[in-house]
Structure formats: C-alpha cells, structure tokens
Amino acid sequence: MSDLKRQAEDVRSSFEQAIASVTATDALQELRVRYLGKKGELTALLKSLGKLPPDERPQAGEAVNALRGQIEEKIERKKQDLTRAEDAAAEALDKVDVTLPSRGRPAGAFHPVAQTMHEIVSIMLGLGYSVALGPEIEEEHYNFECLNMPSWHPARDMQDTFYFPADEETGRRLLRTHTSPVQVRSMLQYGAPLRIVCPGKVYRRDNDPTHSPMFNQLEGLLVEEDVSFSVLKGSLRELMNGFFGRELKNRFRASYFPFTEPSMELDIECVECGGKNLSCRVCKGTGWLEVCGMGMVHPFVVRSGGIDPERYNGFAFGLGLDRMAMLKYGINDLRLLFDGNVSYFLSGRDA
Amino acid sequence: MRASWQLLSRLIDLPASPEETAERLTMSGAEVESIVRPGSRVSGVVVAHILSLEKHPSRDDLLIASLDTGRGKHACVTAAANMKAGDKVFYGAPGSTLPDIEELGIRDFDGVRSEGMMLSGKEMGLPDVDLTAGLLVLPPGAPLGADALTLYGLGDVLLDISVTPNRGDLLSILGVARELKGLFPSAVLKPMPWDEVLPGDDSWPVEFGSVTLPDPGCLNYHLGLATDVDIGPSPLEIRVALAHLGMRPISNIVDVTNYVMLLLGQPLHAFDLNTLPKREITVRSAAAGEMIVTLDGKERRLTPKDMLITSGSGPKSEPIALAGVMGGEQTGIRDDTKIVVLEGASFSALRVGHTSRRLGITSEAASRYSRGVDPTLSAVGVDYALTLMREWGGASIGYKKISAFNAQPDPKPVLLTRKKLQTYLLWSDMEKAAEILEGYGLRPAQAPRAEERAFIPPAWRPDIIIEEDLIEEVGRWRGYDEAPVRMPGVLPRRGDAGASTSLALSLRACAIARGYAEAITYSFLPESFVTALHLPEDDPRARPLSLENPISQDWTVMRTTLLPGLLNGLRTSAASGWRGPVRLFEIGRAFLKDEKGHRELDVLGALVCNGTDPRTPWRETLDDFLSVKADAEALLQVTGHSASFVQGREPFGHSGQSADVRVKGEKIGYLARLSPAIQRETDFSNQPIYVFELNLSALEEAEKPAYTPASSFPATFRDISMLTPEGKTKDDAAADIRSAAGSSEKMLERVTLFDVYSGKGVPQGYRSMAFSLCYRVRDRTLNDEEVDKIHNAIRDTLTQKGYNMR
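Going down the list, the sequences are from chains E and A.
The numbers in the first sequence follow the working numbering, run straight up by one, and end at 358.
The numbers in the second sequence follow the working numbering, run straight up by one, and end at 1824.
Hints are computed from structural coordinates only; laboratory data are not their basis.
Remember, it's a predicted structure, so these values are computed and weren't measured experimentally.
Where hints are given, some of them may not hold.
What the hints assert, rightly or not - Straight line, CA to CA, 25 Å or less: simulated BS3-like cross-link-like pairs of lysine-lysine:
(1) E/K46 <-> E/K12
(2) A/K1764 <-> A/K1647
(3) E/K102 <-> E/K45
(4) E/K208 <-> A/K1748
(5) A/K1647 <-> A/K1685
(6) E/K208 <-> A/K1614
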C-alpha cells in the first residue's frame, strides 16, 4: 500500500470519527472546512498527488476523489438530518396554543330582519322587481285616501295611527301604517308598466308581545297589461320558496283589503312542524302560517296612481319582514329584535 | 262574530258538518278562527225530578233531595235553597263530568250519603243563564232523564268567524246562512221565522207624535209599540243562546233586541215610553259642542257629523241616543217598564263609522251599522221583535208602526265581462259564474251587450259595486288554489336595487366583517334625549318632531340621531350580562325639522365600547379613537369614497377626541369619543365609548377609483424625524413637508408617518414625528445628489417653520 493510500485511509477514519460526534449544523460546517476547505486535510491530499510518479497518479487520484465524494455525501446527509432536528427543536419552542382566543376582532352579526329584507329583495330583483322607497312620515292622502281608505272607513280600525300635530302648511302628517303609500307614489312617479318592491319601517299604535309600534314590511306591486292573479301566485311562490330554501305547500284564502279587489291571504305550511305537531307553538297546531296579504290592485288605487285602470291592472302584496325573520330564525319575541342587545344577536359567542 | 250551529240550522239545511263548513268559510274569505263546543266538557248530566226535600239531620244549611231520573232514584245533598219538591233540575250522577270537575262521585255530608250533584248554570259552564243563586231550575216541560246536551241548545257548536270590514252582513246568523247558501249550492234556505209575522194595524192606545228625519243619514226609522209588558227572564234556551254568543241575558225585553240583532243583524233599541221627555222623535245631526251622556255613563261632546235620536222636534229636541252607536242614560228599559217603544232604523254606514271611530265606541250596534246593515231589515226587525216580546214577555202588540223614510239606496246593476274574468282568473265560464253569483243572492239583469252579464246585488251586499267585486265573488267561490301558477312575463333586465339599498348592502357587509353587530332600534325617543346628549338649542338635532299621540312616555318624539338607540343597545347588552366588547351599527332614518316641515335622512350610526370587563390577553386589540376611525374610514373606502377627518366639536363629544368626517370637503358625519360629562351620566363611566354617524345620502354616488401604475423607475427613500409643535396635526406636518418641497413637490411621491412619540426625551410642547419620504418620477431615475438637494432644502424650510430636525 502506498503512502498516499494509507494517508487517505487515515483521513477517512478520522473523518468518520469526527462526523459521528457532530451534533449541530455550525459544527458540521467547521468539519467541512477542516476536510474540504482550502487548507483542509483532503485538499492537502489532493495537492500531494502531484508528487507521485506519473503512472501511480491515476489510480491514487481516483481513490482520493472517491473519498472526497463520500465525505461530501456524508456531510450533506448529516446536514439534512441536523437541519431537520434543529427545525423541529425550533418549532417546538415556537409552539402556539391554538385554542387561545384569536387576536383581533371576531366578525359581527347581521340583524335577522335586515338580512331578511336584503334576501327577499334579492329574490325579487331576479324576477324583475326594482326597489322603491318612500318616506316614513307620510301624508294622510297617500297613506289612506289614495288607498281607498277614507276617514270613516271601518278598515281604518285595523290600523291605529301615530299622528303629528296638524300644521297649516303641510296638513296632517302621520307615521305610515304600511308601505302601501309607496305604491301610489311610485305609480305617480314612474307610471306603468311597473314592478317594484318597497321595504321599510311602518308604525302602528300597538305594543304587546306580538305587536311592536314599529315594525318592518315589504310591499310588492306589479302593474302591466292584462295581469292575472296567477302571476301573483307565481311571484309569491318564488319569494317563499326562495326565502325558506325549499318547496313549501301553500294555500290562498280569500280575504279583504280596501286597496285590492279581489283580495287574498297566503298561508304557507308551518316551517316549524310541517303540520305534524298538533301543539306546535308556531302554527298553533293548524299546520298553516299566515304570511302575506295581497290582491289585485283596486281600480281606485290604480287611478290614484295616475294610471288608467281600463288599460293597466296589477297586483300588490305585503308581508311582515319581522314575521318572516322570526319564522326563519326561530325567534319568539318580536321585542327582542329592536333593543340592540348584542348578547342576543351574538348568541353563543364568548364575551 | 260567533255563529251558533243550532240557530243556523233554523235558517238553512246544510249538507256539511261544522268542520267542512268552517273550512269552506275560511277559504272563501270568512276565516273561522276556531270551532267551539261549549258543552264538550259536560257529560252524563240529565234532567231529574225532585221527588222530595228533607232537612239534613245535623246540618241546618243542607237539604237532602230525593231524585228521579226516570232510570232510577238518587239521594243528593245540596246547599242550594231555590228549589222545591216537584221541580226539575239538571243532575249529574256519579261518573258525570263538568267543566270544573273531572268526575262526580259519592260524598258523605255528616253521615248522609250524597250521590253526584244537582247543578247550577255556573257549574255547567254558563254562569249567565242562572236567574238566582242556587240551582238552575228547569221549565216544567223538561223531559225526564234526557241528556242535558240535547236540551236548550247546550250541545251547540259555535263557529268563531273573523269578519272582514266589507262584510257587515256576516255579523248575523242570517248573513252567514245566506253566505253558506252561496257556498253550498245544494243547501236549502228554510222559511224565515219573521217572514210569517204580520205587521200590526191597530192605532196606538197612547198618544204619540210623529217621527221626522231631517238628517238624511237616517235612511228610515220605525217605531213599534208593546204594552202591558211583563219584565222577566227570557226562556232558558234563549238565555243559553245569548250566553253562547257572548251576550249577557238581561231581561226578556232587552234579550229580544239582542237576539234579533244576532239573528238578523238589525240593531234595535227599546225605550221605556214613560221616560221619553216628549212623545215625538226627531233624528237630526248634533249641534257643534252638544253633549250627551251615553249608557256607559260617559259624557260625550258632539260635532255636526254625529247623528242624534232626539225626543221632541226642532233643533233643540232632547238627545236620547247617539244614532247607531249607543243609547242615552235616561230612557232605557227598567224592571218596572210597562210600555216599550221599539226603534228599528237604518243609518248611513259612513256617518256611524265616523262617530264611533271619533269617540272610540265599539258597540255591537256601531260595529254593524258602520259596516252596513241591510236597510230593508229595520221594519222586519221591529215586527219580529214585537212578536217575541209577546211570546216571552206577554206583551200586547199589533199596533201600527210609526215610520219615516229618507232616500233609500238603490243597488245598481254591475257588469261582468268575459274578458276581465279571463284576465283575472284565467277562467271564463260565464254560465258557471252567473250560477255562482245568483247563489249569493245577486239577481241577473239585462246587460247592454251580448258578451256581458249584469247582476243586481242584494240589499245586504252594499260592498258589491264594480266588476272586480263580481270577479272576487266568483274567485273566492272557486277557491284561489284553483287558479294556475304563472311567472311574471320576462323583462329584458333584472330589477334595480337602487342606490340606497345597494349602499346599505355594502356598508353592512363591511361593518359586520369588521366586528360590528347590526341593530334596528326604535325611531321613537323620549324627549329627554336632547338634554341627555347636551344638545344646545341651536343644534338642529335638539328640535325633534313630536308625536301627537305617543304610545308611551319613552317614545314621544322622532329620533334626530341614531346615537341614543345605540347607547340603549349598549345598556341593554350590559344589563343582560354581556361584559365583553360592544360594537353596534344601525342603518336607518333620522328625522329633522326644516323650513319645509321635515326631512328624513338615511344615516349609518355606530358605537364601540370595550365592555364592562375589557380584560384581554391582547391589550393591543382594545379599541380606541384611531381603531374606530379605521372602521369609519373603511366603510367610506368600500363604498368608493376617500374621507378626511378634521378636528371637530360635537356637543356630546370629548373635546380632544372629536372629528368631522368630510368627503369632498363636505361634512358628512362625525366621529367622537363621548365626553367625560356624558360618560358620567351613563352607566359606563369607566370605559370610553366611541361613536360615529355618517349621512348616507352623500355616499350614494361612488367615486370611481383612479388607478395609476407604478413608475418603472426606482424610488429613493429618505426619512425625516422632527420635533413638531403640539398645535400641529399630523396632516399639518405632512402638508408642511409637501409645501417645503416647493417646485419639487411632484418628485415627492409619498409622505408616510412611521413613528409618533411624546414623553420622555421629547421636550414639553412637542411631539416627535418621523416620516418616510418617497422620491420618484415617471420618466427617469432620480440620482442621489438630486434627491439630497431637495431633501436638505425641505429640512431647512421645515426648521425655519419651527420644526426641530433630529
């Protein structure tokens, strides 16, 4: 065995010993320098190759290069192992209790009634209805007279009204008792054909667990040529099924409103029990929920809207957004909706 | 309105059960809210004969009855004393049930065995039919051993009908019977009991003047006479019927008027002849300010729109009743009344409706008249009532009515065309339609054109006036579930949500994502909110619109700001135990007075408080003025607006932490921390409350974003750190930097504050501010010398302006 070969074996065995005791990447780097650096042991060996007789050089060179290759590979492998271990140790130090409360604000919450309004509006936009809004402080003229409800009319008993003190200039103003005046205002403004929904707050002098002096309605109106009741059915079916997200049984009962003729009411199957529970708190065991009043717009009202009832006719419907929200979200007490209590609207959150 | 099945059955033969009838009525417009069986909790009660009565051996207050039910004899102990041997009574043998007793048994009364119980009306569930304390003594003809529920209407079935305001006719058994005749074509109306009554012809045995009707609101007026009246109780079955229908039996005469009203729908009024001030009747409109004391003891001030029944003649005649609404106090029936003058009249629905609404009187008469009573019923009602007075009260009748008339309504024919019927219902069988309408009592008439039909509505249906009314009759008969379903015709476009609804939608999405809970609070406030918010007199928010008729002291005026509602939300949240942060927003209207009266503003209001227990592991997340500013800014940014916040002043705001929010230079809202004074007055003195309100009408039109690509040449950055006099805001300092750049300002792309500090190391009256300045132009690379030159010039200028460079 030549000297060189023996020296190479010495380097190998000292490297093997040294690498075995390395436990950190920086020590490994030192090791690399010690063997493979410019002044490293293996580098010195390579340099000494030149001193060999020319016929021995190829063989010895091959052996030293092979050793270099092995050393490099072992260092690389060790480096990977050590890096992995060091990452793991570092990660362990950076461990976070993922159950700690998040930093920053949690999301807020929608109000069920506002959400209901926007959902229904969105369904109706798809059917070509546009949104029309009107004042909450109304004139008696638009709230009652235009809607075929003169002051002596018994239907006025159904709507106890908030008034403002009479004023010489403006006449008697009131808080609108329904969103129907927007119908008349819109007909006067846009004429026919017309398809609108009018969401908004309305007011009646009632206050008990099922009546709030302020509540929210959405009114729909369609005035075109040759409108049939069937189109009203179609519109409301889409509205109800779209809002509750499923096919609901419905029935249309005859009813009465001064501003529509004929008039009907829509009952939908109880969304709570589907008519299966005789002591259901929501439908009182009837299986039906009264959700919407409607009818073909009375010719008097069409005329109040400046439209010729001989040429155009249409339908209108009105529903309580609060009631719809209560049905969808299982809310029992209307009064909980209007006091801004975050413990209710953020129910289930830690605070 | 309650309809008695037994009374209905006297007028109509129905091919349907009460349940089927109720369903049909409900679907066709007269909603039956419930079917009531008042006798359903009575069982096993029969008629028994009292054979004898003995004293209890040891108890003076008890009697022992020996009873015969026809099927056996029973001994029964009772504390009642109003019966005698030979009387017939209702008896519940052991095992019977009563409304308040689950099962009668055998009891021992001090050594005497008592089987079951002899009963009063009260114990049967009908306290009003009892005439005296004690047992309900039955008429002598009561069939021995018969089940109580087969007698006197005790087993009746009642339909609770919700009658709509257009259908006054349904406020009577007769009206319901006619409606059912229309709904069930195979039903048969029976001869009406009053059809056989002959009007009397005798002259009055007492002197009585004329009836005059100067007020055309009285369509007709009839006075009947009954003499030798014997005031006493009505027959048992009438007392039962009245009690079932919700009226208290009073005396035979009064009961007659109520019974006829329930049956026919015709209100009647009985006067005691001897209490009439003058024997002459005038129906006139009231004089302005005229007074009457109505039966309920209340004094009413009248207007010329009210109509009076008066005694005497001329404008000074003495009021005895408010026509169609309520009788007067003086002239009612008494226990010793002998001669009854009976009024049956027809009044204008409009006039009665007006008076009853204005005075808030909802009597049985007023609720009928204001919905319209068939004007042909008044005479019939009087005649029929008189015969009942004879039957129940032994009265002498047969006298000719004193009557007066004004113009009577004349029902006009209404046309039905195939075209409109088809349009509305997508159905147009004119033959069938005619059949349906005739079933409801409309009479066919001659139509002007062949494709039309004409119908004359019956007197009891004044609500049928136009073609749509006929279509409704047909539609509800067929049932609206029959109509096919169609979608609205295709429009070339989707509907338009409108600026305000679209804006609200984006705003709420942003606010919710930033941690705010959406609220809807009342538009009403107590007037005290003005002082609670320290609003000075000249603040437009200090002059809210007042309601004329508020429902509560807490809700007397319209809100001019959403702030009080949100503060109340904070209070309510804390009161319900919520201790954490409260972030609320509301989008709604505020109402401000202005020169035209008032205007309604769409407003977004928000409130933030760290809560009653703000402890958190992450103190840096607690809200303060600037974190809430970020929210207000974000709301404006997502809706396409850039806002500036300048030092402002709100009456309720902290003087050092209030800002005006400006968009395009216009104030559109405020952001403020509540002032310490207001904080002390709320229940949240220890935690700051931040509020902002934005006027949304200014935001409906979004600005388009102005997109600019970055310059392709590199930027050069230099920092400026300087002591800034305290009077200078950050915006002032940044503006000073820009103006210091002079003509080179266009090279200054951005001026960004990256540090602000006051305290140790910074002299009193100064803040240390550090800005990063970005120099960059679009067409070339700026070299260092160039930038240094500008930057140094800026520093020099700033120093001259009083800033200390660091």
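The hints, checked one at a time:
1. Note on E/K46 and E/K12: the hinted pairing holds, with a Cα-Cα distance of about 19 Å set against a maximum of 25 Å.
2. Proposed proximity of A/K1764 and A/K1647 is contradicted: the alpha carbons are some 29 Å apart, above 25 Å.
3. Distance restraint check for E/K102 and E/K45: the Cα-Cα separation of roughly 41 Å exceeds the 25 Å cut-off, and the hinted pair is therefore not satisfied.
4. A threshold of 25 Å between alpha carbons decides the hint, and for E/K208 with A/K1748 the separation of about 43 Å lies outside it, so the pair is violated.
5. Our distance criterion of 25 Å between C-alpha atoms is met by A/K1647 and A/K1685, whose separation comes to about 15 Å.
6. Proximity of E/K208 to A/K1614 is assessed by CA-CA distance (about 22 Å); at most 25 Å being required, the pair is judged to hold.
Against the hints set out earlier in the document, violations occur for numbers 2, 3 and 4.
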